[in-house]
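Chains as they are written, first to last, in the working numbering: chain A, 74 to 187; chain U, 400 to 515.
By construction, these hints were calculated from the structure, which means they are not laboratory data.
Treat the hints loosely; a few may be bogus.
Sample of chain U residues at the chain A side, in silico, Cβ under 10 Å [as the list claims (entries may be wrong)]:
#1 402
#2 412
#3 415
#4 443
#5 447
#6 458
#7 477
#8 508
Values in this document were obtained by computation on a predicted structure and should not be read as measured data.
Glycine included, C-beta positions come from ideal geometry on N, C-alpha and C.
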Amino acid sequence: AQSVTQPDIHITVSEGASLELRCNYSYGATPYLFWYVQSPGQGLQLLLKYFSGDTLVQGIKGFEAEFKRSQSSFNLRKPSVHWSDAAEYFCAVGSNFGNEKLTFGTGTRLTIIP
Amino acid sequence: DAGVIQSPRHEVTEMGQEVTLRCKPISGHDYLFWYRQTMMRGLELLIYFNNNVPIDDSGMPEDRFSAKMPNASFSTLKIQPSEPRDSAVYFCASSFLLAGRTDTQYFGPGTRLTVL
């Protein structure tokens with residue numbers, strides 16, 4: 074069975090600083106990986122996804138993520154955060170038989186300080 | 400497209416009452432998912448449909464929960480009778496086939512349910 078671990082429950086970053094959110098997955102084959110963002114009181118919005126090909130994936134809002142098979146990781150990065158990036162971030166994994174059942178991590182809450 | 404639409408956005412009810420949550424998926428999407436989000440358990444998949452047919456309901460917590468999808472543009476999640484522990488945010492999401500497999504799931508804004 075697939076699983077996702079987001080080891081950081083809460084991260085605080087200064088505005089303008091760089092960001093890296095960690096995600097580790099467990100899956101027997103090549104996974105399909107997603108990062109979603111959830112702002113307070115809102116649904117989940119897709120930031121980026123990895124299916125195959127280039128392991129460095131660009132997403133919306135200036136985010137990127139890198140798939141590292143050897144480390145079973147799919148970390149999310151942003152070179153310079155903005156106050157509007159404060160939200161909860163979820164990593165998810167789907168199987169290569171279809172993404173019908175996504176497995177979500179427990180999320181990382183990002184706080185931005187001035 | 401308006402995205403996935405859910406109603407109501409907030410629901411407050413008393414224990415024992417019936418609750419019905421509604422979802423309109425994105426037009427043309429083949430898959431519809433119901434999730435529940437709580438602080439304790441995070442985001443849980445309750446059930447999903449493909450072409451209006453329930454495929455996997457293994458996440459439905461109890462017989463008090465039921466879901467239907469009478470047509471491609473509407474689904475309901477019903478809780479009868481409701482209990483305080485059902486208090487959560489319920490999300491609906493939809494997806495479509497791309498190259499023979501499902502692609503990104505698009506989420507609605509959620510329904511925040513409070514059972515007193």
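Outcome of the hint check:
no.	hint	verdict
1	402	holds (9 Å)
2	412	violated (20 Å)
3	415	violated (28 Å)
4	443	holds (9 Å)
5	447	holds (6 Å)
6	458	holds (9 Å)
7	477	violated (21 Å)
8	508	holds (5 Å)
Checked against the numbered hints listed earlier, the structure breaks hints 2, 3 and 7; every other hint is satisfied.
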